[in-house]
Amino acid sequence: MKNQLCRMKNQLCRIKRQLWRTMVGMTSLLLTGVAAADELNLRVGVTDISRQVYDLHMTIFLICVAIGVLVFGVLFWSVFNHRKSKGVEAATFHESTKLELAWTIVPTLILIVMAVPATQVLVAMYDTGGEDMSIEVRGYQWKWQYKYLDDDYNNTLSFFSVMSTPRDEIYNQSVKGDNYLLQVDEHLRIPTNRKVRFLITAEDVIHAWWVPDFGIKRDAVPGMLNELWTVVEEPGIYRGQCTELCGKDHGFMPIVVEVLPEAEFDAWYASKVSSELVRQGSFGETLSHEELMAQGETVYSTYCASCHLANGEGVAPVFPAIAGSAVAMGPRDDHLNLVINGVAGTAMQAFGRQLDPAQLASVVHYQRHAFGNDAGDMSQPQDVINLSNGQ
Amino acid sequence: MSEVIHADHHDDHAHGPAKGLKRWLFTTNHKDIGTLYLWFSFAMFLVGGVLALVIRAELFQPGLQFVQPEFFNQMTTNHGLIMVFGAIMPAFVGLANWLIPMQVGAPDMALPRMNNLSFWILPFAFGMMISTLFMEGGGPNFGWTFYAPLSTTYAPPSVTYFIFAVHLMGASSIMGSINIIATILNMRAPGMTLMKMPMFVWTWLITAYLLIAVMPVLAGAVTMMLFDIHFDTSFFNAAGGGDPVMFQHIFWFFGHPEVYIMILPAFGIVSHIIPAFARKRLFGYTSMVYAVASIAFLSFIVWAHHMFTVGMPLAGQLFFMYSTMLIAVPTGVKVFNWIATMWRGSMTFETPMLFAIAFVVLFTMGGFSGLMLAITPVDYQYHDTYFVVAHFHYVLVPGALFSIIAAVYFWFPKWTGKMYDETLGKIHFWLSFVGVNVTFFPQHFSGLAGMPRRIPDYPLQFADFNMISSVGAFIFGLSQVFFLYVIIKSIRSGQPAADRSWEGAKGLEWTLPSPAPYHSFTHPPVVKDEEVLG
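Sequences listed follow chains A and B, in order.
Per our numbering: the first sequence = residues 1 to 391.
Per our numbering: the second sequence = residues 1 to 534.
Check the hints yourself; a few may be wrong.
As the list claims (entries may be wrong) - Taking lysine-lysine and the DSS-like style, the derived pairs with C-alpha atoms no more than 30 Å apart in a straight line are: (1) A:LYS98 / B:LYS528; (2) A:LYS84 / B:LYS426; (3) B:LYS19 / A:LYS84; (4) A:LYS86 / B:LYS22; (5) A:LYS84 / B:LYS418.
In case anyone wonders, no lab produced these hints; they're calculated from the structure.
Taking the hints into account, I'd like the entire structure generated from these sequences.
In structure tokens, the structure reads:
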């Protein structure tokens, strides 16, 4: 008897424990649900401005929800109660100046309540000036160029940032990586805790530069210089995408900003600038056919293949074929000139402003000796320099 | 006197429509032309819908499965252009043709021959625009907003056809508007003063003025594009001293009033349907008229809220933020008045009423996201993301489109003399309602999470929402094919309809027989307050 009681007690205890465990489990499940719900909402971000923007977003959103609950509440109350099927006779009232005034004035007051914080945040965003460093951001079809504006080094450090997600992943031939469509060959690097000013413009069509975690977005417009700034507190890698339709590969020109601790940034910047100076000093050297072809293929796949295709066939009539083209088989200097200066009024850009002499020479050499083309000549970096200098 | 003339020309007045194809080609009758407009817009709606389904099929999963990016861009562009200029706008003009003469007590539109011309331009305009999809280099691929220089220097060669098509659409809209204004101002039955006009007539009068004001601006913008492309001018080319941002100012000076062109007639329709099924007079008629006029005025001074990220001075940003927020006031007045009309009415929920109530609720949700978008500092985060896509689809699909569908069900018995099948109508409503929300509600989330618009492929974190959205789009698309079935079945075998087809329906059109006679009112009707004001 005693044993039985004991066993029952034990059983009860076990049930109680199980219940408790289930409850804890369900609560934690609910909590993860709420945490996952963060991805339903705007990102809080990592700058003072992005947090202000998030708070403003939540304020406006909650006011809208409150108004919605109230208005829809009245509407649905009416829908459920004022039905003919419930024997309701229609009332005959059809106007009330007092009501009309009330629902004109009250919303106006609510709007004023919204406008005050909105104005404050906007004014804070327009607090440009007093920057510690400036970076020029230039949009191209379909890549970004970053130039560190630095008088000490004659703005030497400048590079392109091109999406590095392999085509295989896009065409579902291999498994998509973690940062699918959000990875680039070279990150834009900035330091923490310094006010960085971005001067934003574009070379061809309008693009837009956006880093959600910084709470900043601005259109990159050809012929116009827009200004943005940020101070990031947390080191890390922050990703965004172009947000203005800019043609075929609009979806494939991500923005990746790597924020480094100040000392680390300074070290990286110094070494980057010095290696760039060394590289620029080497343009007088003569390269072999193999070297030119190897470098040329890399340049071609990064800068040319998105329009003229990897096999050089192009997409007629906007993007002509290079395979078997009159230009690739014609005089070398005409070919170099075309690549350096572009073709006005078409989508062919002036690559002289994007590529260095070694890249230009090698890509032209590659085009003249790939896809079945066989021009049989050589293009050297020095030729590009001579052409650019008008010799 | 008129009796005498009537007797003399008795034969002319008694003739019915011509037979066969000639009836439709040469017709000057407002009902025939209204029918042409409505079927044309439905055809365009299906074409635009197929393009939308291509988009949603591609976005069902990350990666490129069905189409290439350059074709995807043609799909988004043509979907937008066809839905705006080919589906929504002509549908409203079709409704105006059918209803305005009947509602003001007139025999026909004021300018019947121009009426024929303004319709018959449209099939050619859209034939030309859609044909560009099959040309070398493809069709327009620069978004329905066709921002320069993507639409000029960098456009496919077919852009010239697109420019000509836009010119034709503009000419058609302007002619249609002149006709509507002339009809409303000159052909109202004696006793119908401006402040006794039905709300649909009021909203269309104001819409027609908006069209006349902004369509020439659009024509100017595309003409400047034409010159930039073919005659080496530099209106929008920075390298020649032009300004791409100027294009956006001009475009949105047209574009924002255009947005209200697509919603004001919807306000009018809903203001007829809710009182009819609440069996109660429209609440606050006067303030409804003033609210529409205020919205129309404000629509001219808010355009740059589409351009907050373009880089404007602080004062400009503040002006456009405040003026945009102000639109919430007259829009709110309208919503409150509709709810006050329903309040203590004696409601029934036939298909038109269901669509009208869904309109009020879902349009208001689009209004809320619109208010959020008006707040400049947070707009920087929302701009050109799916949050914007969700916003404008909420005001255009369960907004403008639902009002058109509601109008078709509501006036169907008057047009055809037959009732539609109520059960099928309700099935159509619930399928559409579920479809539209499953499609567009998740897009708020993907937008807030950071997914840009107009991309053929997206990072993995947006996958779930896109999949849901695509499923919803196919539900919605198929339910509109079902709509076609409901309509055809009802035309063929619907029950005969009463002259006043709805118990609570008020207005001169319901005093006519069903179906309405070919020449609506050959004698001006007597305008009684209890009929026209409800």
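- Query: For the pair supplied as a hint, A:LYS84 and B:LYS426, is the alpha-carbon distance within the 30 Å limit?
  - Reply: Holds, at about 18 Å.
- Message: So if I understand the rule, the pair passes when the alpha-carbon distance is 30 Å or less; does B:LYS19 with A:LYS84 pass?
- Response: Violated: B:LYS19 and A:LYS84 sit about 45 Å apart, past 30 Å.
- Regarding the pair A:LYS86 and B:LYS22, is the alpha-carbon distance no greater than 30 Å? violated, 52 Å
- Do the alpha carbons of A:LYS98 and B:LYS528 lie within 30 Å of each other, as the hint requires? Holds. A:LYS98 to B:LYS528 sits at ~28 Å (cutoff 30 Å).
- Query: Given the proposed pairing of A:LYS84 with B:LYS418, does the C-alpha separation stay at or below 30 Å?
  - Reply: holds, 24 Å
Going through the hint list in order, the structure does not satisfy hints 3, 4.
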